[in-house]
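Enquirer: Below, each chain spelled out in residue letters.
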Amino acid sequence: MTDHSVQIKDLDLHFGAVKVLQNLNLDIHDGEFLVLLGSSGCGKSTLLNCIAGLLEPTDGQIFIKGQNVTWKEPSERGIGMVFQSYALYPQMTVEGNLSFGLKNARVPKDEIKRRVDRAAEILQIEPLLKRKPGALSGGQRQRVAIGRALVRDVDVFLFDEPLSNLDAKLRADLRVELKRLHHQLKNTMIYVTHDQVEAMTLANRIAIMKGGLIMQLDTPDVIYNRPVNKYVADFIGSPSMNFIEGTLERGTFRAGEFTMRMQGYDFAAGSAQDGPAIAGIRPEHIVTGELAANMPATMQVKAELVEPMGSDTLIWSRVNDEPFRIRMDGHLPVEEGEILNIGIDPARVSLFDTSTEERL
Amino acid sequence: MAIAESADTVAPERSAPQKRPLRLFRNLSSKIALIPMIATAVIVFMGGTIWTVVYSFTSSGLLPRLNWVGLDQYERLWGTTKWIISIQNLALYGICSLVLTLVIGFVLAAMLDRKIRFEDAFRTIFLYPFALSFIVTGLVWQWILNPDYGVQGVVRSLGWESFTFNPLNNPDIVMFGLLIAGLWQGTGLIMCIMLAGLRGIDDDIWKASRVDGIPVWKTYTRIIIPMMRPVFVTAIVLIASGIIKLYDLVVAQTSGGPGISSEVPAKYVMQSMFGGQNLGQGFAASTMMLLSVVIILVPWALLEFGGRKRG
Amino acid sequence: MADIGTLNTMKAAEDPVRGQLDGPRGARPKRNLSRRNIMLYGVLIVVAIYYLLPLYVMIVTSLKTMPEIRLGNVFSLPKDITFQPWVKAWAEACTGVNCDGLSRGFWNSVRILIPSVILSISIACVSGYALSKWKFKGSEVFFTLLLVGAFIPYQVMLYPVVIILRDVGTFLTDIWQGTCGFFTSAEGSCRGRVQLFGSLSGLVIVHSIFGMPILVLLFRNYFASIPEELFKAARVDGAGFWQILFRIMLPMSLPILVVAIILQVTGIWNDFLFGVVYTRAEQYPMTVQLNNIVNSVQGTKEYNVNMAATLLTGLVPLAIYFVSGKLFVRGIAAGAVKG
Amino acid sequence: MKLTTKLLAATAIVSATSAGAVDLEVMHWWTSGGEAAAVQEFATAVNENTEHNWIDGAIAGGGDVARPVMVSRIIGGDPPAAFQFNHGLQAQELIEAGLILDLTDVAEEQGWEDIVNPPSLLDACTYEGRVYCAPVNIHSWQWMWLSNAAFEEAGLEVPETWTEFVEDAPALREAGIVPLAMGGQAWQQNGSFGVMAVALAGLDNLLAVNRDKDASVVRGEAYGQVFQAYADAREMAEGLDVQDWNQATNAVITGEAAAQIMGDWAQGEFAVAGMTAGEDYSCLPGLGEIAILDTGGDAFYFPVTGDPEIEAAQKEMAALMLSPEVQVAFNSVKGSLPIRGDVDLTTVNDCTQKGLDLLANGDTMPSGNQLLSPDTTNQLNDLMTEFWNTPSMTAEDAQERYAQIIEQAS
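Protein chains in written order, with this note's numbering: chain F, 1 to 360; chain W, 1001 to 1311; chain Z, 2001 to 2339; chain H, 3001 to 3410.
So here's chain F without its partners, still in its complex pose (with noise of 0.2 Å):
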């Protein structure tokens, strides 16, 4: 059971006739990285508040290290916590911040200042010890807010939207560096957003919620890959993932004049079953050019609008007059009303069933 090092149990959370949670089951690994990721509403935040202690389950159980620590208070839970709006206390300085909750639990004097300064040393905030948090950067708080999660020598991290307040820029740093963070501490993080780049970035493995459910469980590679559902595959990716609704047809998708032979898809029953199916394609999966040819199925659409990105340029067009994205290099040019060849590799494909909405 050591290698448990969150679990959840049948979690529900109700207020009142709301469903937040539902039968809820987790099972976190020690040293895991884990994100809970969602769109606002979905419970993302409750569930994480839960596992703090800070919001009561009407029904089910939290283990921690394999403790049961449903009833406990959430300082007794061996638990560090980030906040979205960091949640300093403003009249402290950042080495009160730190040592607040340490002084409260009487832990000796040298012990704390050794915390203290590890904490900050960490975290590169050893300079501003004596300031006070209204006297910070953005960035500035929220590695105060980690350190002061840091120095309670805790086995789980839990994050809620910790990157959310500050700027690009300084988004993309922190993230690496939360990385190296937990690179270097190798603790349990549980991590709380709701972008998808955090998530993948991070994770070692991403929950993706829903309505209080865990819709998708796993490698950010496998959700990115192979998405349980279509609200996963719509989710996850940007520019998002293009949809073609169609038929399946004895191994065959057909939309309209476009056929698929499904060659060398996975299918999760094992073979495929003929009916209505949407299938799922990555923009940055569709082969343009010469090579489109190659590949096992093709089509032609027109670009109606090209967005230049550097790196790569996304170009809009239409598919059975639903709106299709494809994402290509950079440094190949594309003129606005060009007709272009496109090839799909049915093995990056993604069907899902039209009424479930399951990936077939």
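Quick caveat, the hints were computed from the structure, so don't treat them as lab data.
Even glycine gets a Cβ: it sits at the ideal position worked out from N, Cα and C.
Among the clues, some could well be false.
To be verified - Examples of chain Z residues lying across from chain H (beta carbon under 8 Å, computed): (1) Val2141; (2) Thr2144; (3) Tyr2159; (4) Val2162; (5) Ile2163; (6) Leu2165; (7) Gln2195; (8) Val2277; (9) Asn2292.
Claimed, not checked - Calculated pairs, DSSO-like style, for lysine-lysine (alpha carbon to alpha carbon, straight line, at most 30 Å): (10) F:Lys132 to W:Lys1207; (11) W:Lys1031 to Z:Lys2232; (12) F:Lys186 to W:Lys1207; (13) F:Lys72 to W:Lys1207; (14) F:Lys130 to W:Lys1218; (15) W:Lys1031 to Z:Lys2137.
Put chains W, Z and H on the given structure of chain F with help from the hints.
Expert: Chains W, Z and H alone, transformed into the frame defined by chain F:
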């Protein structure tokens, strides 16, 4: 977050004009709009104050007249037992009222903030006395504290014959009789202000302190209260301005009695001006009151509003 | 919530095979009568009784007859309920020669209240806005001066304000008489005097003056908390001082307006001193009559009439409190607490 | 400019004078039952006998509440047509400042000099030979009111003098009766002292102190006895917690207390309670020790308005207030004595008759208001109420501080 931020906003800078317009006309609308306020501040409050101070050096009786008598009025003022007692009473009442109003107001607000049932009902109950005037407050508490019909009488009629609670007729504790009524009237507003302040505190702070394992009371005293500094400033301004003006309640409840044991400075002023028809004496007493206000208030105001830098 | 918690623990106990992971599940069991709750509600209820006691005393006393008041204690319920004190307080009690109770003062109070509240809040709102968003050199000094004014006992300012009103009135009369001849040809139409002292307009001005310190403080703090970006954006769009105020700031000010209205209605409605000093007998507000009823003594005080009169006078502000108590807290949260 | 002036005109009252009947706003602090009924007599007289209207500006709470309002109105240039003051030194400054209407021509026309009795009342209205106020009644302080029932209950005869009363006090205590009723207000305590001073130290000593401001008399033996007696009175009054004078009177009416030192206005309370002088209660003018009454009272002043029509109406009103019918009607209701020696009150009880006799004999003295400035009175009020309420304060302390205040007084 807004709480931590300084309220100071830098005056909007015009993009450097080629020819700087005359200083007086910059922000002209603002200056025009502030004329009523400036007129009030300068003509009424400052002018009235200066007028009062000037006439405190005269022997004005029923009408203000410029018969200079130097510091005579002040000498007499400080030689008068009633004035000394008034100041002592105000100090006693002021300290008790300030501390108790803040403490009770905050504790009640904190209790209402603990996600309790019937919050609306409790809040309305605590706030309604503020809708009533001091005259009414004084009257009803005089009635309740009446030794024959009120609390003392009722307790005695229940069989506890020796029970004594007669603050309004006991010079030693009469100020506490006033305090009971004053707190009843004033704590509700302060509670509302505190409650509003508590509601303005980021939920994450509470969560952070729970994760840190800080006990609730310590979270209040060490984190929440320091964060509510602006709230306390507003509250203290309100309470203190009420304390200095304490008059109606005393008149309605005790008329300064028994004897002169519940006299207060504002009443001394009124009594001198209109009872004794000695405006000069009243103005001298007013001047002393104003002086103490200025001594306390100006350094604070400069710090609060004048200073550029604030954490 | 608590019930579910206990239910769940029972379920877990009944069904131990449910999972290998036993122990606490669901919400922590809470008893409604936990020690903490007993303390909390106990204190709240005791305090609520202290706050309600005077209201209770006022109501029961106002419904008792005088003999009963003399016999019983202030807390006992009335034996024979009588509404005579209310009738007397409203329509019959004598204040001097006039024996029509509080009713004559009620409408005077309304006439004083409405323009005073409107004017004082308008001035304070504009001033607070100018002080927070359009600062200029010295504006803070004036503001500090104004705040000192909040600490001056009204009584001290009685005579200075009388003199100011008199002189301003005379000054305006001079202007009026000096200039009106240019504009009107009608003979004798310029004889009138502008009279501020002893008139309703004078009283309205006085209420505005003395309400100003606290109100300006509230509005200033409130407007300061409105994001600077909004203001800047409007400036960039070419909006001026008044446009920003009316189009952007005012529509956002409902909470603080509620607070200002409540404070002013209470203050002005309960005012006695200004009402009696700065108006004439025909315009005396209700509080003057209340004072006359309460302070006029003959024989034993008519406590029941006093209490009825007190309650009647307090009805208007009380009604406003009961109706808008919730908005009040919200408004204070918006305005008073951000410095 | 036009717009602004129009606005100003719209917001402020622009008063234009109109001819004919005048509204006369009269400010006073007579609001309790009997007082208000008495004022009603004035109002009726004005409304019926003249074409003018009486606008009542009653402000309860006594002179301290009403006076700032009146003075403010005068300073502010919007004076009432008439206002009530105690005659004496209170209005002197207003007269000096030329704010009060000169009534000399009315006084001469009506022959006030001949009819006002005692003449000192008119003197109090006269400043530098001109008459400025219309005295309307006489009130005197020097009375003690006793409850016959209380003495009966204690098995005692109703005393005839203060000295006897003091001897009876222990017996009253034993019977569970508070010997002396005293309200909690300063003016009652100082007023009672004044009564005891003239009764126990004599008129000469009192005048030496109050009129000549001779502090050595205060420090003297005669006054020392008064302070001692007052300290005894303090003990006699223990056990009754009331504020207003009429609550104290009520204690005498109910027999809870045996006696009260209070001016003749207290008699109105006995009358309202349906008690008969001589049977249910007794009265001792001059505490039974000395046959003298002071002649305080109320007067009306008429501010200068600059409007001849109002002025004429004011003078009409002044004359009316002193007319015999109005005097009788007013004073019968108010319970005070008329200022005219030539009228008879309709009903006169024992006590009122005693008072009238004293007046007729000329056993009068000037009232405190006529001798002491309000400022000094105010200081003495404070001192005496402090003395009364501070059991630890000795008679000697009070005596010395009293002397100091008299020394300062001018």
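Enquirer: Verify the proposed pairing of Lys186 of chain F with Lys1207 of chain W, using a straight-line Cα cut of 30 Å.
Expert: holds, 25 Å
Enquirer: Hold the hint about Val2162 of chain Z up to the distance rule: shortest CB distance to chain H must be less than 8 Å.
Expert: It holds, given that the least Cβ distance between Val2162 of chain Z and chain H is near 4 Å, below 8 Å.
Enquirer: Holds or violated: the hint that Ile2163 of chain Z contacts chain H, with Cβ atoms closer than 8 Å.
Expert: Holds. Min distance 7 Å.
Enquirer: Does the closest beta carbon of chain H sit nearer than 8 Å to the beta carbon of Val2141 of chain Z?
Expert: Because about 28 Å separates Val2141 of chain Z from the closest Cβ in chain H, which is outside the 8 Å limit, the hint is violated.
Enquirer: Tell me if the interface restraint on Thr2144 of chain Z is satisfied: Cβ within less than 8 Å of some Cβ in chain H.
Expert: Where the cut-off is 8 Å and the nearest Cβ of chain H is about 29 Å from Thr2144 of chain Z, the hint is violated.
Enquirer: With a cut-off of 8 Å on the beta carbons, see whether Asn2292 of chain Z makes it to chain H.
Expert: The hint holds - Asn2292 of chain Z has a Cβ within 8 Å of chain H, the shortest such distance being about 4 Å.
Enquirer: Holds or violated: the hint that Leu2165 of chain Z contacts chain H, with Cβ atoms closer than 8 Å.
Expert: holds, 6 Å
Enquirer: Let's test the interface hint: is any C-beta of chain H closer than 8 Å to that of Gln2195 of chain Z?
Expert: Given a least distance of 5 Å, the restraint on Gln2195 of chain Z holds.
Enquirer: Holds or violated: are the alpha carbons of Lys72 of chain F and Lys1207 of chain W at most 30 Å from each other?
Expert: holds, 14 Å
Enquirer: Between the alpha carbons of Lys132 of chain F and Lys1207 of chain W, is the straight-line distance 30 Å or under?
Expert: holds, 20 Å
Enquirer: Lys130 of chain F and Lys1218 of chain W: Cα distance at most 30 Å?
Expert: holds, 22 Å
Enquirer: Please verify whether Lys1031 of chain W and Lys2232 of chain Z have alpha carbons no more than 30 Å apart.
Expert: holds, 19 Å
The structure is inconsistent with the numbered hints 1 and 2, although it conforms to all the rest.
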